[in-house]
Structures are given as C-alpha cells and as structure tokens.
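Got chain A sorted already, so can you dock chains B and C onto it with the hints?
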Amino acid sequence: MATNGRRNVPEDDEDFIDVDDSSLQTNQANYAWEEEYKRSWDVLQEDEHGSLAGVVNSLQQAAKRKRLLRDTDPIQRGIIRHLFIVIDLSGAMQEKDLRPSRLSLTFTYLEAFIAEFFDQNPISQIGLIGTKDGLAEKLSDLSGNPTDHIRALKLKKFQELNGEPSLQNALELARSSLIHVPAHGSREILVIMGSLTTTDPGNIHDTIAQLVKDNIRASVIALAAEVQVLKFLTLQTKGTFGVAMNEGHYRDLLFEVIPPTAVTTTKAASNLVQMGFPSRSNESAATLCACHNRLTLGGYICPRCNSKLCDIPTECDICTLTLVSSPLLARSYHHLFPVENFVEVAWKDATSTTACFSCQKSFPNPHKISPQLQATTDAGRYQCKLCDKTFCADCDLFIHDVLHNCPGCLSRPRKQGGMTPSLTQAARLPSSKLGKTS
Amino acid sequence: MKDHSTTEDDSNLLVIVIDTNPFEWEHSSAPIKLNDALQHILTFMNAHLAGRHDNKLAVIASHVGVSQFLYPTLNDHILGSTQQTEKDANVYQNFKVVNDAVLSGIRGLLEDHRPTLEEKDLGSSKIAASLSLGLCYINQALKLDGMGHVKPRILVLTVSPDSSSDYIPIMNCIFSAQKANIPIDVCKIWGEDAVFLQQAAHITEGIYMRPSDPAGLLQVLMFSFLPDMFSRNYLYLPGQDQVDFRAACFCHKKIVDIGYVCSVCLSIFCSFSPVCSTCRTKFAFQPLLSQARRLGARTAASNPGSPKTSTPGTPVGTPTNLTSSATMAISTPSQ
Amino acid sequence: MSKFQTSIHEYLETLPLQTFNRLYQKPATCLAVFRLLPPLGKQIIMSSLYVDPPIAVSDMKLWFKGSAGEIKHTEAMQRLKALHIFEEVRGKYAMNATFLEQFRNALTGGGNSQSFGLATSTPDKYHVDIHFLDDYATKQWEAILHFMVGTTEGRPPCKGVLNLLGRSGLMTGGADNGGGGGDQMDARDFASQMARQDFGVPKITHKGFQFLLQDINTQVWAFLLQYLNMAESLNMDLVEVLTFFFQLGSLELGKDYSSENLTPTQTHLLEDLKAYGIVYQRKRGSRRYYPTRLATTLTSGTPVMLGSHTNATKIAAAAAAKKAEEEEEDDHGFIVLETNYRIYAYTDSPLQIAVLNLFVHLRDRFPNMVTGVVTRDSIRRALSKGITADQIITYLTAHAHAQMRKHSPILPLTVVDQIRLWEIEKNRLRPVPSWLYSQFSRQQDFESTLEYASELDVVLWSNQKRRMLCITAEGHTAVGAYVRKLISRHKELQAQQAQQSSPHTHHSPHVSSVAS
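Chains as they are written, first to last, in UniProt numbering: chain A, 1 to 438; chain B, 1 to 335; chain C, 1 to 516.
Because the hints were derived from the structure by calculation, they are not lab data. Just so you know, these numbers come straight off a predicted model, no measurement behind them. Note that the Cβ used here is the ideal one computed from N, Cα and C, for glycine as well. The reader is advised that the hints may include incorrect statements.
Claimed, not checked - Pairwise CB distance ranges, derived in the manner of DEER restraints:
(1) B:Gly148 to C:His9: 47 to 55 Å
(2) B:Thr7 to A:Val343: 52 to 60 Å
(3) C:Gly66 to B:Arg107: 40 to 48 Å
(4) A:Asn282 to B:Ala215: 27 to 35 Å
(5) B:Gly239 to A:Thr322: 22 to 30 Å
(6) C:Arg284 to B:Pro238: 54 to 62 Å
What the hints assert, rightly or not - Per the computed footprint, the stretches of chain A lying under chain B, defined by three or more beta-carbons under 8 Å from a beta-carbon of chain B, are:
(7) 133-147
(8) 271-277
(9) 280-289
(10) 322-329
(11) 399-408
Stated by the list, open to error - Cut-off 20 Å, straight-line C-alpha distance, at most; resulting in silico cross-link-like pairs (SDA-like, lysine to any residue):
(12) C:Lys61 to C:Ala94
(13) C:Lys283 to C:Leu118
(14) B:Lys96 to C:Leu118
(15) B:Lys179 to A:Glu111
(16) B:Lys96 to C:Arg405
(17) B:Lys143 to C:Ala94
(18) C:Lys406 to B:Asp10
(19) B:Lys56 to A:Ser362
(20) B:Lys143 to A:Glu111
(21) C:Lys65 to B:Met229
Just chain A, same shape as in the assembly:
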C-alpha cells in the first residue's frame, strides 16, 4: 500500500490487490490489535485447478466494484465550502510509524488532497493552519487557489518540528476566520493530529461549545491513537473521527473529506445567489479594466454592466454581480446527478451481448468458458438498469469515476426512455413543463 499512496489518481491503482487493506477497512469499529492476525495470503484460495489467477482476478474486480457502489441518491450537498486544515507540526510528527514519516506522508497526501478537493469543490476555499510549541500559525489564508496552498506546504516541509501542539489555539484561529464567511457556504475544520497531548491556554470545552454555536463542523484524523477530547470535539460538531492504521487507510480517511458533505437541513442558511457568466473576449486595442484600471488586451465582460474584468471568479467592481465561469460550476454537477450503479450480469444471462456498448471491446463468450472457471470469475458485463445496455468493467469504472454520464441512457431515443436520468430531477417540477410547451 505504500506505493499506492504516492499515486493521486484513484483509478490508477487498480493493479494492486488491496486484499489486506480492504479487509481492514471493513472492520473500522475494532482496534487493529484486537483483530485476528491476518495474512494477506490467507484470503486467497486456490481454485480447483490449483490456480490463483481466477481468484486474484475476481478479487481485483471486487475491489474495483467496491469503490463503485456508492450512494447515487441526489441529496443536498453543500458545494460552496470553507475548510481549514489544521496540521500538527509538533515533535510527535517525527514518528516513523507511517512511512517515510508522519509529517512527510501528511504533506504528500495533502498536496494530492488539495488538487482533488478543488477539482470536486470548484468554488470552495481552503486555509491551512500549523500548530507547534503551544502556538497556532496560519500557513495560508482561505483561498480558492490550489497553488497558494501547495506553495505554503512546500515552505513548511523542512521546518523543524518541536514542542506540543495547541488544539485550542488552532481551533480559535480557524474559528475567527470562518466566522466571516457567508452563511450559505459550509464552515469546516479538519484536524490532522499526531500528538496525544495538547497545550491549551484555557478551557477547550468552551471553544468546542463556541464552534457548535457558530455551526462549524470539525473532523479529526488522529495518527497515533484515539484521544477522548478529539472524539468529543467531533461528536459535538457532527464531524467525523478516524485513526489512521496504515498509510493506505490514512489516505482513505483524508480523501473521505473531499466529496461535498450533505447539508444538515436544520440550519437553512441556503440562498439563491445571483451570478453572472461572463464571456471572454480578446481585443485588438488595449482598454482599461475595471478592476485594476490597467490597460489590458482581453478580459471577461460582465453581462450586466459590460465592464471588463481581468479574471474570474470575482465580484464585478461596478455592479457587484458575482461573476463565475459556468464550467467551474458545472464541475460539481456530477454530485447532483450521479449515474446509477450498474448491476453485474451473471454468466447465465450473458449470452445476449457480445461487446461493450461504449468501447466496443468484445466480452468473453460464455459458451467458451468452462463452468469451473465461470464459478470463480464473473462475466465481465455490467448493465445499466435504465437503458439495459451492457458495459465492460473498465467502462463501468470510467463512467462512474470520471465521466459521470451513462452513454447508453444518453443515446437512446428520448421518446421511449423518457428523460435521461440527469434530467429526471428537473423534469419532476412543474416549471420544467413550461420549457417544453414553449
């Protein structure tokens, strides 16, 4: 799994058989030492021919699929997020129980995390806070620019680690920044804690109560062991708590934070925000921009007041309209309209199709595969229940992980199939009928 961690694109690591890892993850409730000692080779069992190939294959398939079967119900998710990451920079981070060391692994993962976070939460913001010697220090301010944060991380990478962290100072620092963000965005803190102790100037419970009041959610990833006060913090603020057991598990815990969180309906601070989608234009002669009063050759034109701005997302300086690039918004739409999970086709039903609908790869022919082999493998076909088209495992993975479109549903005549799944939501509402009658 150590090699696994260095890759930052999830679909890349399918060459690995994550036998050990997946079995560990399912038992998160127990402590690692309470579990029975497991050897990865115990999980594998030979088939009747004494070959491991089939079993390994199906395990790989299963691992692939496991990643796939996720919640496809559209729920309210807060996509405009404000997240502070608190990083423990105390002496405890020098421990080498996570390879190469807690700190360097954390920094490696965080770099990947930041890139992936902005990919999935395009108009969200991140800030970084480091804590050591009983103090908390802001490494980077809340901003939507991933390079800022990655640069801040690189600066800190070779810094000396010493002293004790201060949980309270860090939380207060994060809170004071988060309190100013607009109500429609979420407020979150993620604490990465290597130390088992904290040096606080006052009562930590006051701070926790304050966080709850301000509707800030705090999650914790502990690298050493479960600490009561950390667990209490997450319980109170409805965050998540996890202890990293190994490198792979650490990464999983961290990346669980990335998908936009479901919004708690109790605090309905949501709103409709008016936004403009400007068009980009290039001019032959330089004109003054509205934001810096400088001569520029091109820019974005505010659709409301026609003033020229250098960069988006921003707020128009003239008419205060929020200007965003619509593709930026669209990046997160797949969270709203996930593709239905495909179902596995059994060997006995595998006769009707010969090739994958989307990539034209031919499927194994069920008549040519012995029943023994059929027992240990699957037919390699996955069917979309909405359009009845079958896909190969690679396409299945690609469609759900990357593409977020079902090619089958999109390419059938709408008359028979009704709306594509992504439109069923909108179609439910009376307003959408207006569009059709027009």
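The following block gives chains B and C in isolation, referenced to the frame of chain A:
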C-alpha cells in the same frame, strides 16, 4: 502522472463525431448537402489514415434520438478485422473498409431512425452521447496501449444548434476530456456558434471553427483539423477570439448569462423560485432576495422571459427551430 | 527513423525528375512516399492538396509558429523539394501536378490505375492463412540470416540471394576483403565464386555483422535497396521495380492477388522476392501471389517483428486472436539485462542465439532461454568484428523484454557505459603504417640514420640500445635511400680493405636494413 509530451512517432487516435441530424441537413437553407459533406469527411478520414499506418480512427454518428458507432462496429470485432468487403484495386484497402462501414452505417441510420417532428422538438442530435461513447472508447484504447504512444483527440462535426438539455452531460464530457488531456476539436459547419461546444474546445485546448464557406469543408478540415498533436506544436491554428461562458438554466433549459445559483448544489436558474428544484432546499427569505428581485426585473427587460415572444432581432435563425430561437432570444444587454 | 530507412530517402532523392514523374503515376507510390515524410511535411501536402493556386513562399512561412516551427518547416520543405513534390517557382510553391492528381486519387479512390493490387477473382483451392504466411516469411528470411551467421540449419539460400549478399558487401568469398570492398565486386564473379565451394567458404563481413543487429524491416529495406542497385545493371526498369515495392506495401496480409496483370519485369521480380520470403507463390508461374508480413509492413515505418520461431510466440499467436498488434507486443523483446552484466534471453531461436553470441559470453542454455554474461572479452570480440558499441546497445534496447521497458532508461546505465568504455579502450591503440629498421651493426650508422630521420621528422619510435627505429611510411623512401647509401659506402670501404688483404677480417661491418 502521464507524460503529455509528443513525438514524431506517436500514433494518433482520432474519434470523429458526425452530426447526422436530418432536420438540419435536409433543411432548405442548408448550404451543403449531407452527401457532399460526407464525401469531404471521408476524404478527410482517409487523409488521417494515410498519415501513418498506425493511425487509428473511430467514427460515431450523432443522430436525432440515437447515437451509435459507425466504425469500428461490433460486427467488425466478431469477424476480426478482415471483414468481407469487395476489393477494389484502385483503393487502398484500409480506406475502403472504413469508408464502406461509415457509409453503410449512415445509410442505415437514416433509414431506420426517421425521427418524428415531436422528437425534433425534444432535442436535437445526441452530441453528449456521442462524446461519452468516444471518451469510453479512448479510455479503453489508452489502456490497451499502456506505453503512451497513442495520442487521442476528438473532432465534432456539427450542424445542430445547442441542445440545452445536454448541458450537464456535455460538461461532464468536457471535464473528463480535460482530465485525460484529450482535445475536443469542433467544426460547426454552419449556423450559429455552438456555445457548449465552444466551451468544450476552449477548456480542452482544442480548435473551434465555424467555416465561412461550408461548401469548402474539405479544405477547412485538412488545414485546421488534420494536424496531429505533434504538428500542432509548430503550427498556427485557428484560435478563438471570444468564448462564451454562458450556461443553460436547469429549469427551462434556457441559455443564460445571468442566473440564480443555488448555494447548496450550484444549480442554475433563470428566475427566482422559493425552492431549489434539484436539491429541494427551501431558500430563506434573505436580504439578498430583494436585490435579486430588483435585478431580476432588470434582466427581464433584456431577456424575453417567455419564449413566446417573437424574435425579430435574430440575425440568422431558422424560424422553425424552437431550440435555436430560444438560444437567440437570450442576448446580452449590450445588443 | 532507422539508418536504412533514411537510406531509402537518400536513394529516392538521387533519382531524376523524370523518374519521379513516372513513379507518381501510381497512387500507391504517392501514398508510400507520403508516409516516408516527416509529420510537418505531410501536413504541408495535406494543407495545400485542395488549394488550387500555388502558395506564396512567404504565406506558407506564416503557418509555422516560432523559431522551432521555422526549423521544422525548412526541414520538411527540403525533403519535399528533393522528392520533387514541391517546386519553388517565382516565389511560390507549386505541387507536382502528377503527384497532386494521383495523391488525390489515392485519398478518394478515384482513377483507374489499379495500383493497390488486383485481387484474384476466384478463391484459392489451397487454403493459405496468415499464420502460414508468417511461417513462410520467417523460414525464408531466417534461412538467409542463418546462412550469414554460418549456423548449419537449413539449406543454403538460392543463387539470387547469394548474389545479393555478395554485392551488398554483407558477405565475402573468404579472401581478405574488408568492410567496404564488396560493393565494387562484380555480381557474376561473386556468384560463381560462391558456387565453387573450393574457393573458400563465404565469410560474413563487418557490414554483415552490423546488418544482423538491425531489425527485420531495416534488413528487408537494405536488401531491396541493394536489389534496386542491381536492377539497373540487369537492365530492369527502375520505376517498375520501385512501383512494385510500394504496391506491396499497400497490400493486405492474408489476401491473394492476381499476378496476371504484372509486367514481365514485375513477374521476374516476383520470383526473386519469393526467395526472400517477401511474397508467397505456391508454385512458379501461379496466377496468384500472397504478400507476407514482410511486404505489408514495408512502408509502415515501424519495425514489425516476425513471429520468429520462439515457442512462446507460437502459443500466443495460436491462442489469442491473430491480431498483428498483439503478436507485435509479444515478440517485441526477449532480453533481460541486469546491472551485474548478466543477460537472460527468452528465446529458442538459433538465429537469435547466434546473434547474441556475437557479443555475449553465453553460459547456459534452457529449452526456452539462454543465459550469458557480457564480458570485456565478449564485447572486444564483437568490436574486433567491426560491430560498434552503439549497435550493440541499439540491439539490446530494441529487443529488451517488456519488463525492462517499464524502466527508464531501458538498459542499466552501468552496463551501457561499460560497453562504451570497452570500445573507447580499444581506441587507445592507433595503427600507423610504418617501417622498422634494425640490425645496424655499427652504432655510428644507427645514430647518423636516426639523426637524418629526426631531421625529416619521420621517426615514430627508436631504441638506442637495440639499434632499432621505426619510420613512417612516408619517410621510408628518403631514409631507405640514406641507409642504402651508408651500406654502399661500407661496401666500398670493405672492398678497399680486401685489396689491402688484411688478415684480420673479424671486424667486418655488417649493415643491413630490415623493413617490416
């Protein structure tokens, strides 16, 4: 991380999406007939295949209501590549196989899928579906290659106006393509600019072009869309002066330049509504609302809220096509 | 692009315009020539193919971006002009009219030149599949290579092949004929020499060793180019030969083609190509012929390995769908080279083993694998045969096992560097033709000769004690004359002494010059 560098020895995988929307091709104002255009496109395909013996090609038809592979087709794979086609000593066999498959595929499509007028209203050709198919195909091809020698790209030859109901799927395709570094080239053979495809070309660093003379399609294809990824490093190719970043609203599928965005799910609406239709969030009565109303009234002036309003100012538009007239109706206040 | 493929360019570029005009009459040739061009050259053709008026030179410059683009543009244009595809006329680039027309035909399938091979109208009674053709091509081609390395397998190839081997300088008749000498030898002489086995077994030359290390496609082209050279002397029409080669490249593997429409020259050509395994014909004069993989990949520009008979390939080919790409991948590499200079070669082909044996000290042989080690001696042995370090490295890289390809660089740097060092080491000694003077009987003679030679600056080495000195070849005439003068003077002295009839003659001076 994949290596994106290009060398002379790359093989090029070109996925061509051909819009076969009969309503547009058979329209009386169409400047070029489908048959003629196909001749140009087939020659272009041959030119691509001629470039290198390992250049690969996939052709997908984007029809009204259906999208399907024209080449390679499922049958090809079952019979092996040696499909029984009649030989002709005057034609390079590789060309012939592809050309025959594409022609017979399109003929089949036009015969089998005569969409009714009703379908036409529901949406134009299935560009999003074709792009999805193409991306899956490329994904598989890259996986088989493994060495990074195959450089994929997509070319969309379209005539239909934007189908706003395809907004989200097209966007999804764009981001997948961007992630995998696959440029999407777009040739809008005639008509208004296709806003979404324009964005697609912009985001994926492809080429967007609307030829001034559709009858000279072949020259445009040869000159602008044939260069492979390696050659593009050394050539000046048509760029985009103006990119339109407008989006389609979720409620009426209208293309808007100012919209209301749900803070929870980022859905875009063209007018204020108390409940988000996507995530069903109830919007609080906020001070923002008053501002929104005020501004909403202002935008309504430039934006004929009900599509019933006729569109006299439309420059080219095809009056029979409602989708395109809706597109046209949205104009920036400057116009 | 490999060396020999560049040489097909060079070859083509030497041809006169008239030849090109005739060559370009066939769409297949146009297509094949087109494929040999660099990417931007192709693009220039495509961009101007459907523009009727000639393009101004200055306009075309504008297509290219930056200085890098300009360099590529100049390069490409040079090639296009050399191949007479474009001509610069009054500041404008005009495309060769024949090429323009026929290349358009190639793309659109127009015209009636039938240059892409006329298919037979009736099915063949004798079933011939791709697998058979691959086997056939491999057998024929490897027979030639086996003959070259001198393994006993298979019978010696036919006269035509022997002839070609001799003419191309890949093999000699056993005399001390160096690397480049073979070219000038008369073809007929060589064949007769080969036939008369008593003259000496034909020996592989330096050039031949280098040839062995190339990939098959390059080898085939080298052969064909040699054939072209010979064609002229045999009064064959060059254009017909070239056209036929290019046509072969555009044919489809596994299909049969009619030989009825071929010209007499081409029918003759077919016979010869059959011997190389490039085409297959069931029997002489049959009405149909099949191109093998060697033919269909001629113009593809990438080395396509034949399924040279390793067992692994056969199984893979039989099991998997017979897709060319798959076979290609399976065959691609079989050599694993480790940093400790050990080599593991997964092959049972005697040919490949023989080639490896050129520069590897082979240790063990298993049914499907040989192991060996690269040593100083084994490399020096190869170097002494005229193989260069670069060729060895290229060969190893080209045949590296798929596992090795995952690393970058593919070969371990230590080994690559060491092979290079061994080559450089050899270069420390520089042979200079020279003459050795020795056995001076008198010290004065030696010293005066040395003094004289030093004045001329022709001394390479000298030893006072042993009275020896080395003189460069150029200096020999002068120094030789000087020494002869010395000797004659001594002889005169001797004669005088003899006249004085001195009894003690034991001190008679003995001066000799020995040249070596």
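Okay, the hints, checked on the actual structure:
1. B:Gly148 to C:His9: 47 to 55 Å: 27 Å, violated
2. B:Thr7 to A:Val343: 52 to 60 Å: 43 Å, violated
3. C:Gly66 to B:Arg107: 40 to 48 Å: 46 Å, holds
4. A:Asn282 to B:Ala215: 27 to 35 Å: 29 Å, holds
5. B:Gly239 to A:Thr322: 22 to 30 Å: Given range 22 to 30 Å: holds, Cβ gap about 28 Å.
6. C:Arg284 to B:Pro238: 54 to 62 Å: Taking Cβ atoms as reference, Arg284 of chain C and Pro238 of chain B lie about 58 Å apart, which means the hint holds.
7. 133-147: Violated - the region 133-147 of chain A has 0 residues with a Cβ nearer than 8 Å to chain B, which falls short of three.
8. 271-277: Check passed, 7 qualifying residues.
9. 280-289: n = 3 at 8 Å, threshold three: holds.
10. 322-329: Since three or more residues must qualify, the claim that chain B covers the region 322-329 of chain A holds, with 5 doing so at under 8 Å.
11. 399-408: Since three or more residues must qualify, the claim that chain B covers the region 399-408 of chain A holds, with 7 doing so at under 8 Å.
12. C:Lys61 to C:Ala94: 15 Å, holds
13. C:Lys283 to C:Leu118: 19 Å, holds
14. B:Lys96 to C:Leu118: 14 Å, holds
15. B:Lys179 to A:Glu111: Roughly 17 Å separates the two Cα atoms, so the pair holds.
16. B:Lys96 to C:Arg405: 36 Å, violated
17. B:Lys143 to C:Ala94: Violated: Lys143 of chain B and Ala94 of chain C sit about 43 Å apart, past 20 Å.
18. C:Lys406 to B:Asp10: With a Cα-Cα distance of about 18 Å, the restraint between Lys406 of chain C and Asp10 of chain B holds, given a limit of 20 Å.
19. B:Lys56 to A:Ser362: Answer holds: Lys56 of chain B to Ser362 of chain A is near 18 Å, not above 20 Å.
20. B:Lys143 to A:Glu111: 26 Å, violated
21. C:Lys65 to B:Met229: With a Cα-Cα distance of about 14 Å, the restraint between Lys65 of chain C and Met229 of chain B holds, given a limit of 20 Å.
Hint violations for this structure: numbers 1, 2, 7, 16, 17, 20, all remaining hints satisfied.
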